[in-house]
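There are 2 protein chains.
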Amino acid sequence: MKKLINSPESVVADALRGMAAAHPELAVLPEDGIVTRAEGPAAGTVALLSGGGSGHEPLHAGFVGRGMLAGAVAGPVFTSPVPDVIARATVAVDRGAGVLHIVKNYTGDVLNFTMAAEDAEDEGVAVARVLVDDDVAVAADAPGPGRRGTGATLFVEKIAGARAEEGAPLAEVAAVARKVVERSRSYGVALSSCTTPAKGSPNFELGEDEIELGIGIHGEPGRERRTLMTAADTARTLLDAVLDDLPEYAGDPVILLVNGLGGTPPAELYVMRAEAQRVLDERGVRVARSLVGNYVTSLDMAGCTFTLCRADEELLRLWDAPVDTPALRWGL
Amino acid sequence: MKKLINSPESVVADALRGMAAAHPELAVLPEDGIVTRAEGPAAGTVALLSGGGSGHEPLHAGFVGRGMLAGAVAGPVFTSPVPDVIARATVAVDRGAGVLHIVKNYTGDVLNFTMAAEDAEDEGVAVARVLVDDDVAVAADAPGPGRRGTGATLFVEKIAGARAEEGAPLAEVAAVARKVVERSRSYGVALSSCTTPAKGSPNFELGEDEIELGIGIHGEPGRERRTLMTAADTARTLLDAVLDDLPEYAGDPVILLVNGLGGTPPAELYVMRAEAQRVLDERGVRVARSLVGNYVTSLDMAGCTFTLCRADEELLRLWDAPVDTPALRWGL
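Protein chains in written order, with the numbering used here: chain A, 56 to 387; chain B, 56 to 387.
It should be emphasised that the hints constitute simulated quantities derived from the structure, not laboratory data. Some hints could be false.
[What the hints assert, rightly or not] Okay, the calculated bits of chain B under chain A, using three or more residues with CB under 8 Å as the criterion: (1) 167 to 174; (2) 218 to 232; (3) 306 to 319; (4) 343 to 351.
Backbone N, C-alpha and C define an ideal beta-carbon position, used for all residues, glycine too.
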């Protein structure tokens, strides 16, 4: 394993020390894995808190800032943060109007955020929760914990963050967050596995001409192994899966995320953006907004995911609202 | 070779089609490799043009926009664009106050930008040029073409772009660009080679525990091969080389770039940012501004480069000026 790290044990805290050095507008507790805004949201507004296992950077700490998260909690690599830390962060970010927990749908995260919410409520903080479960690699009716949360998490954090910034009460911020989840779907492809620092070798092996469709962001096996395809065919395959699952699609404009998994360079992501446009044009789907880059990664995995959100006027207005975070910034 | 592309022949045009789709504020000619602002700089202001071989994205097209470049010319992967295209772009971006060519110091780029400047001047466009040669991997007094241009290119484009936006005449914009070059140095490390689409296999091979110091951004061999080190030792090694070469350093604040080469995920870059801070603190060097991310890449190479610019009040003022490009955006 070759990585620019000091040790598998210290990688999360070290990366957070780097965030602290690079972004003085953040308040960072590297050993606890807590990142908040140095200057919190306005008093009386809802605070958004997200988090989960590390290894998906810039998610979540890179999205802490004006117009998006009030705080993020970073667990060990691919491992949920413990309830106590989530609870402490929840109490810390509350500005008197309650806290929205944005939780990717993984068993550990759901459990730990649930316990943390109870603890925070015991301390007088109102907590609402939205579960993000956008990954169509898992069938909607499959037995088990349900669909995984992936790229749509960014959409939820951006759009609900804008609504909180407008001063909406907790129930309304939670409602728009759930609306984003209902309208968003993702699907991804890996060209290589990721290598966790602790394990030191790839989580799964792919042959020289093999790709894996429907991978998760924790090195889980995918839904299907295929022979390497052109970018055009890959984009079509991903978008077919997403569009077939997008509920009540009836010509609405979409927000598109072309997301790199960590090891894929910008040029390839832009090639995929071009092919996404071609497919969506053929299908009569209008891309109203889009993002291209490494936003929800899986360590050093090569590959990408597509996320579509079926937008409306409200969602586009909130998407366009100013945001100022390390990883997302516009309209200031 | 596994890449998200359609073919080695089409990769540059395909990626530019993706940029066009993602960024409607750009005017893109994918087949010609020309990217300009849909709405050019104000009439009577200096226009900045840069370019070179592709494979370094987001450099240069990702830096086209308000406060930075007026245009960028993208050649084939790792191959300079031809003079005719550079000349056409030069004439196209001129707003009556002349054009600054920002050229990384590689033989092909220097030759082709020189010929293009002559052609554009024949058409009545005033052209000035700044050569960027910040890579200390090549000794300053080595025979040959001189030092290579790498990370400092971003600094030059940002700072000279801000000066142009202020309405400064061509000679002054060129002067501040040269000041940035004089005060900037870079050094990098690779954990893997890059693989060009045309060749399809890595440019050089590194063993399981080997790294290469002093690599260039075109898969050139480095200056020294070493055994894998901790992030702390790697950061110290890179910064020693940069600081030893930074001319007339006397306690000035610096601008620091921790740059990913394409295949290294954000978390590792932030670990390197933390270690850079530790080393610079020890050396008494104050980091006034910093950037962490994939800005000047080498296809899918794993590794990173550090660039330092010895700043002063003028350079920090211009650094902080608003910028609105696909890859760099703040202060709007």
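How the hints compare with the structure:
no. : hint       : verdict
1   : 167 to 174 : violated (count 0)
2   : 218 to 232 : violated (count 0)
3   : 306 to 319 : holds (count 4)
4   : 343 to 351 : holds (count 4)
Consistency note: the structure conflicts with the earlier hints numbered 1, 2.
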